[in-house]
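Model the placement of chain G on the given structure of chain R, informed by the hints.
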Amino acid sequence: MGSEEEQRNRMLAGADHSDARIRERNKRLIRTIIGMIALGGAIVFIDNITRDKGALVPIDFKDQKGTVTNWRSIGFVKSIDEASAEVVVDEAEWKRMSVGERRAVVMLLASYCAARNQKPDYRLTVKGDVSQKPLASVDDKSVNVD
Amino acid sequence: MGQQQLLLLILSSIVVSIATYTGARLSEIHNQEQNRIRIQTELMHIYINATEYKMKPKNFGGGSGSYSGFELQNTFAEEPDVWCWVGPSDQTLQMFAYGTVKGNDGRNPVRVTFVAPSGRLQYQFAAAN
Numbered sequence: 001m002g003s004e005e006e007q008r009n010r011m012l013a014g015a016d017h018s019d020a021r022i023r024e025r026n027k028r029l030i031r032t033i034i035g036m037i038a039l040g041g042a043i044v045f046i047d048n049i050t051r052d053k054g055a056l057v058p059i060d061f062k063d064q065k066g067t068v069t070n071w072r073s074i075g076f077v078k079s080i081d082e083a084s085a086e087v088v089v090d091e092a093e094w095k096r097m098s099v100g101e102r103r104a105v106v107m108l109l110a111s112y113c114a115a116r117n118q119k120p121d122y123r124l125t126v127k128g129d130v131s132q133k134p135l136a137s138v139d140d141k142s143v144n145v146d
Numbered sequence: 001m002g003q004q005q006l007l008l009l010i011l012s013s014i015v016v017s018i019a020t021y022t023g024a025r026l027s028e029i030h031n032q033e034q035n036r037i038r039i040q041t042e043l044m045h046i047y048i049n050a051t052e053y054k055m056k057p058k059n060f061g062g063g064s065g066s067y068s069g070f071e072l073q074n075t076f077a078e079e080p081d082v083w084c085w086v087g088p089s090d091q092t093l094q095m096f097a098y099g100t101v102k103g104n105d106g107r108n109p110v111r112v113t114f115v116a117p118s119g120r121l122q123y124q125f126a127a128a129n
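For the record, the sequence lines run as chains R and G. Per my numbering, residue 1 is the first one in the first sequence, and the count goes up by one each step. Per my numbering, residue 1 is the first one in the second sequence, and the count goes up by one each step.
Next comes chain R alone, as it looks inside the complex:
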């Protein structure tokens, strides 16, 4: 009788021990998954923060007149003198642009002015609206984009 009770107690203790191990294992698993989520969340967050902002102004070379009109309406181009090919742009916006985007803007403006003037050669001076300093220029010999 006594030995049966002892055997039953041992079995119950073993089952308790097994349950405790399963609980411990599940807790470890949850901690690991939470760690993975934290790591993944950090990757997504850092990716979004460091992600290149891309193009700041719309560019459509097929519709150069429309693009320039659009730039004027959004305030990027402050003034444009087609005859002397002199353009004043929003300096703050210009500084936020990548070199590639600045070059694309300069190319489009140079092409637009040449087409308006009906001249084959491209000349252009881009100035900042605040400092009035030249930010970019195009002539027969060189293309300078700061």
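Because the hints were derived from the structure by calculation, they are not lab data.
Keeping only pairs whose Cα atoms sit at most 27 Å apart, straight-line, the calculated DSS-like set for lysine-lysine is:
1) Lys78(R) x Lys53(R)
2) Lys141(R) x Lys65(R)
3) Lys58(G) x Lys119(R)
4) Lys102(G) x Lys53(R)
5) Lys62(R) x Lys102(G)
6) Lys62(R) x Lys141(R)
7) Lys56(G) x Lys141(R)
8) Lys133(R) x Lys78(R)
9) Lys65(R) x Lys133(R)
10) Lys78(R) x Lys119(R)
11) Lys53(R) x Lys133(R)
12) Lys95(R) x Lys102(G)
13) Lys65(R) x Lys127(R)
14) Lys53(R) x Lys127(R)
15) Lys65(R) x Lys78(R)
16) Lys58(G) x Lys141(R)
17) Lys62(R) x Lys127(R)
18) Lys95(R) x Lys65(R)
19) Lys119(R) x Lys56(G)
20) Lys102(G) x Lys65(R)
Relative to the frame of chain R, chain G by itself:
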């Protein structure tokens, strides 16, 4: 279903979502880079053609030392997945091209600019989106 299993299921779903996002993002970056390389190759071909044009005398349909008058050949103008624009101005050559894959802003296609300044052997590519 126990609470722990439910929690595990939710957490696992979040991990899978993050993994899917990361995979999609990596694939997007890879596609953009491939498209930029494709555009750069195309622009290089045009640059070679433009240089050839510049070196030819006017009698042979060239520019006699100038890029002025250089135009894209039909083979380049009709490329289905790359659209190029060339701006020759005497001693310098500027080019702009865009592809089919959406660029960094997620709205406009990938753009690449090319400048071959005069008096220098180097040309410069730059991503504009």
